[in-house]
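J.: Same order as they appear, the protein sequences are chains D and Y.
Residues in the first sequence are numbered consecutively from 1, following the working numbering.
Residues in the second sequence are numbered consecutively from 1, following the working numbering.
Hints were generated in silico from the structure; no laboratory data involved.
A portion of the hints provided could be inaccurate.
Capping the alpha-carbon separation at 25 Å, the derived lysine to aspartate or glutamate pairs in DMTMM-like fashion look like this [unchecked claim]:
#	chain 1	residue 1	chain 2	residue 2
1	D	K324	D	D166
2	D	K429	Y	E124
3	D	K67	D	E328
4	D	K293	D	D383
5	D	K192	Y	E124
6	D	K433	Y	E124
7	D	K245	Y	D145
8	D	K189	Y	E42
9	D	K170	Y	D125
10	D	K429	Y	D49
11	D	K418	Y	D145
12	D	K244	Y	E182
13	Y	K138	D	D267
14	Y	K150	Y	E182
15	D	K433	Y	E178
16	D	K253	Y	E182
17	D	K288	Y	D125
18	D	K145	Y	E42
19	D	K324	Y	E42
20	Y	K138	D	D250
21	D	K429	Y	D57
22	D	K76	D	D61
23	D	K245	Y	D125
24	D	K67	D	E78
25	D	K244	Y	D145
26	D	K133	D	D109
27	Y	K150	D	D259
28	Y	K65	D	D426
29	D	K422	Y	E124
30	D	K395	Y	D58
31	D	K418	D	D169
32	D	K145	D	D327
As the structure is a prediction and not an experimental result, all values here were calculated from the model.
Chain residues, written in single-letter form:
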Amino acid sequence: MNKLSKGIGLLLATSVVLGACGNSNDNNAAPSSDSGSGAADENKVTLSAWAWNVNVGALNDAMELYKKDHPNVELKVEDMGRLDVYDKLSTGLAAGGQGLPDIVLVEDDRIQGYLDAFPKGFLNLSDKGFDGKDFPAFKQQLTSKDGSYYALPFDAGPTGLFYRRDIFDKAGVKAESIETWDDFIAAGKTIKEKTGAYLLPADKFKDDANFRMMLNELGVFYFDKDGNIDFNNPKAVQALDTLKKLGDADLVKDVNGWDGTVSATVDGSVATVPFGAWYYGTIIDQAKDTNGKWGVIQLPAFEKGGNRAANLGGSSWMIPSATKHPDEAFEFAKYFATTPEVQQMAMEKHGLFPSLLSTYSQPIFQSDVAFFGGQKIWKLFADEMKSIPTPYYTKDYAIAMDEAVKAQAHVFMGQSAKEALKSAADSLKSRTKRNVNNY
Amino acid sequence: MRTKSYIPYLFLTPAIVLFAIFMVYPILYSFLLSFQTSQGGEMTFAGLDNYRRLFSDDIFFTALKNTFVLLVVQVPIMLFGAIVLASMLNSIKRWKGLFRVSFFMPAVTSLVAYSIIFSIMLMEDGLINQFLGALGIKAIPWLSDPIWAKAALILAMTWRWTGYNMVIFLAAMQNIPESLYEAASLDGAGRFKQFFAVTIPQLKPVILFTAILSTIGTLQLFDEPYTLTKGGPSDATLTIGMYLYQTGFRYFDFGYASTLAYVIVVLIAVVSFIQFKWTEEKA
Numbered sequence: 001m002n003k004l005s006k007g008i009g010l011l012l013a014t015s016v017v018l019g020a021c022g023n024s025n026d027n028n029a030a031p032s033s034d035s036g037s038g039a040a041d042e043n044k045v046t047l048s049a050w051a052w053n054v055n056v057g058a059l060n061d062a063m064e065l066y067k068k069d070h071p072n073v074e075l076k077v078e079d080m081g082r083l084d085v086y087d088k089l090s091t092g093l094a095a096g097g098q099g100l101p102d103i104v105l106v107e108d109d110r111i112q113g114y115l116d117a118f119p120k121g122f123l124n125l126s127d128k129g130f131d132g133k134d135f136p137a138f139k140q141q142l143t144s145k146d147g148s149y150y151a152l153p154f155d156a157g158p159t160g161l162f163y164r165r166d167i168f169d170k171a172g173v174k175a176e177s178i179e180t181w182d183d184f185i186a187a188g189k190t191i192k193e194k195t196g197a198y199l200l201p202a203d204k205f206k207d208d209a210n211f212r213m214m215l216n217e218l219g220v221f222y223f224d225k226d227g228n229i230d231f232n233n234p235k236a237v238q239a240l241d242t243l244k245k246l247g248d249a250d251l252v253k254d255v256n257g258w259d260g261t262v263s264a265t266v267d268g269s270v271a272t273v274p275f276g277a278w279y280y281g282t283i284i285d286q287a288k289d290t291n292g293k294w295g296v297i298q299l300p301a302f303e304k305g306g307n308r309a310a311n312l313g314g315s316s317w318m319i320p321s322a323t324k325h326p327d328e329a330f331e332f333a334k335y336f337a338t339t340p341e342v343q344q345m346a347m348e349k350h351g352l353f354p355s356l357l358s359t360y361s362q363p364i365f366q367s368d369v370a371f372f373g374g375q376k377i378w379k380l381f382a383d384e385m386k387s388i389p390t391p392y393y394t395k396d397y398a399i400a401m402d403e404a405v406k407a408q409a410h411v412f413m414g415q416s417a418k419e420a421l422k423s424a425a426d427s428l429k430s431r432t433k434r435n436v437n438n439y
Numbered sequence: 001m002r003t004k005s006y007i008p009y010l011f012l013t014p015a016i017v018l019f020a021i022f023m024v025y026p027i028l029y030s031f032l033l034s035f036q037t038s039q040g041g042e043m044t045f046a047g048l049d050n051y052r053r054l055f056s057d058d059i060f061f062t063a064l065k066n067t068f069v070l071l072v073v074q075v076p077i078m079l080f081g082a083i084v085l086a087s088m089l090n091s092i093k094r095w096k097g098l099f100r101v102s103f104f105m106p107a108v109t110s111l112v113a114y115s116i117i118f119s120i121m122l123m124e125d126g127l128i129n130q131f132l133g134a135l136g137i138k139a140i141p142w143l144s145d146p147i148w149a150k151a152a153l154i155l156a157m158t159w160r161w162t163g164y165n166m167v168i169f170l171a172a173m174q175n176i177p178e179s180l181y182e183a184a185s186l187d188g189a190g191r192f193k194q195f196f197a198v199t200i201p202q203l204k205p206v207i208l209f210t211a212i213l214s215t216i217g218t219l220q221l222f223d224e225p226y227t228l229t230k231g232g233p234s235d236a237t238l239t240i241g242m243y244l245y246q247t248g249f250r251y252f253d254f255g256y257a258s259t260l261a262y263v264i265v266v267l268i269a270v271v272s273f274i275q276f277k278w279t280e281e282k283a
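Whole structure, please, built from the sequences with the hints as guidance.
T.: Below you can see the structure in the form of structure tokens.
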């Protein structure tokens, strides 16, 4: 009986919320659950926010600084799981803004999806006077739609190849000499032979993070800038084919989700982890015993001298239009996003790599990082930011990713990259009614 | 003593109001939703479009097929196992309580918690493969092969629900008169013969009841594939329940998700009806 109520229950829960909205469309003045409470004093404003993980700490610390000049503002951050934030946000938006916070953290790859599905759901920040010129081009694209900004850029994930110096040394491989993915595969074979360690982890059948990094590096993505399906692009085929080569050489350790990746990182069963700069925080936190044994290089290029810059992850702050305090929420979020001190604090204390360009002139970006054998890793990531191409996510990103993960699974099960991407493109076409680019 | 006739209704009201708000209203509303589609954030009436879309939706058919494969394989294995366990427990004299509790324990663990533990045990270098390796058996790709992934789901679900059904059968067995067994053994029927000729026929209504419950549960299956395999590899373990969730919460298509929910309702009604008819005829 327990299971009985579950499946449909999900949908029923949604409908209840949807229904609640139908009855109260016109009482805009009613206080929402969080933002109105504690407003005993006329001028006192309590903002509410939803965020996850280390972002919560960054937000709270920023508010401490902000309060020095704005003593009338309070902040209440609800710390929940990343996917819970999305589920609650989706239901709240579908219910016309019921129960939403004043500020919500959204990953960059989801922003366009939300804007398309709920065009009136979020505050137009350009109307409030925000422009994104202080941020890199790809971040501007991801946070705006039709020339207006809807999100305040926060962190970014310039990619790097995190590698274990001790394992590389033991195998006699020099990380600096790895320039292309072919070099990388050759190095991987030596490492596996000499040390028994896999080259890299991948959640082969459930996630395609490596594929997305490669696509971004090659300047392509699931979609082109016009929103056409771009799976058949020879560059996309090249990317997936490279993953296939890694798999065929038995260099990929199949891991189960995020936890699997972290445990492979910690136990030394993989020699490298290609990921966004934010993985630094996880490494220093989870793999304390490996202090000094890590290094970072940029991702290998697809051809000698080719682009090695890419981005994975990163998020931004959005303000639901149902907020009772649009001005206060905007002012605080803008302070958070555009104040170099705040961004530096978020990086130093919480490992969140800033996208605010003016932050990079701070001294920390020239510093040696002891955990990484004294390497200037922040300089490496900051330099990379300028050359990151823009990926085009569109509102159908989630469906496209579903197809990409399946294509990757097929390739690891033996299909050719070209065939797998061809059927992914066809399937995506019938699911989204978008055009497919043919080459 | 006379009470005013409306008094009982007053006491019933809270339950009825709650039922109306949290059950009747959502059921009706999602029915309406299933005829709507989102146009730029506004729900608009789309007639039978969502239902028509079902017939050209390959993923829906994959999910349907997966769900039925799990149903047809897992439910009989589990129910048979439950009956065997129950009749064994029914005949032992000592440690009855201990065994009963042990077998029932899985049913009280949270669905997500047990799925996560299974996913850890079934990893490529997880506990189960290490154990198999120690026996000299090659590691099994539990979560990465389309067929083994289904097997992994069946394994997990059977672990979780066998004890639950066992307890139901155990209760039913208390009501089988001892005289039937005495008569059977006088006629020379052994233990096995008794099990198939007395126990199973006597349990028939209960078997039907558990079969229907399990069928409904499997048709709505969500937690296990969501946690263990995310529906993969390549949709090999995608169930209708999971596809419903993805459609609504990942792709923001609440209209089509409601349609899928109603497909599940219709399927449950049809399958339960067939089960009733089938056992009626044979009785």
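J.: Taken at face value, is the distance from the CA of Y:D57 to the CA of D:K429 at most 25 Å?
T.: holds, 12 Å
J.: With the threshold set at 25 Å, check whether the alpha-carbon distance from D:K429 to Y:E124 stays at or below it.
T.: Roughly 34 Å separates the two Cα atoms, so the pair is violated.
J.: Holds or violated: are the alpha carbons of D:K170 and Y:D125 at most 25 Å from each other?
T.: holds, 24 Å
J.: Just to be careful, I want the Cα atoms of Y:K138 and D:D267 compared with a cutoff of 25 Å; is the pair within it?
T.: holds, 23 Å
J.: What's the verdict on D:K192 and Y:E124, does the C-alpha distance respect the 25 Å limit or exceed it?
T.: Answer holds: D:K192 to Y:E124 is near 18 Å, not above 25 Å.
J.: Under the criterion that the straight-line Cα-Cα distance not exceed 25 Å, is the pair D:K133, D:D109 satisfied?
T.: holds, 20 Å
J.: Against the 25 Å threshold, does the CA-CA distance of D:K67 and D:E78 hold or violate the hint?
T.: holds, 19 Å
J.: Is the hinted pair D:K324 and D:D166 satisfied, with a Cα-Cα distance of at most 25 Å?
T.: Answer violated: D:K324 to D:D166 is near 55 Å, above 25 Å.
J.: Would the hint linking D:K76 and D:D61 be met if the CA-CA limit is 25 Å?
T.: holds, 12 Å
J.: Take a quick look at whether D:K418 and D:D169 sit within 25 Å of each other, Cα to Cα.
T.: violated, 36 Å
J.: Does Y:K150 pair with D:D259 here, judged by a C-alpha cut-off of 25 Å?
T.: holds, 22 Å
J.: For a C-alpha distance cap of 25 Å, please report whether D:K422 and Y:E124 respect it.
T.: Violated: D:K422 and Y:E124 sit about 29 Å apart, past 25 Å.
The structure shown violates the earlier hints numbered 1, 2, 6, 8, 12, 14, 15, 16, 29, 31.
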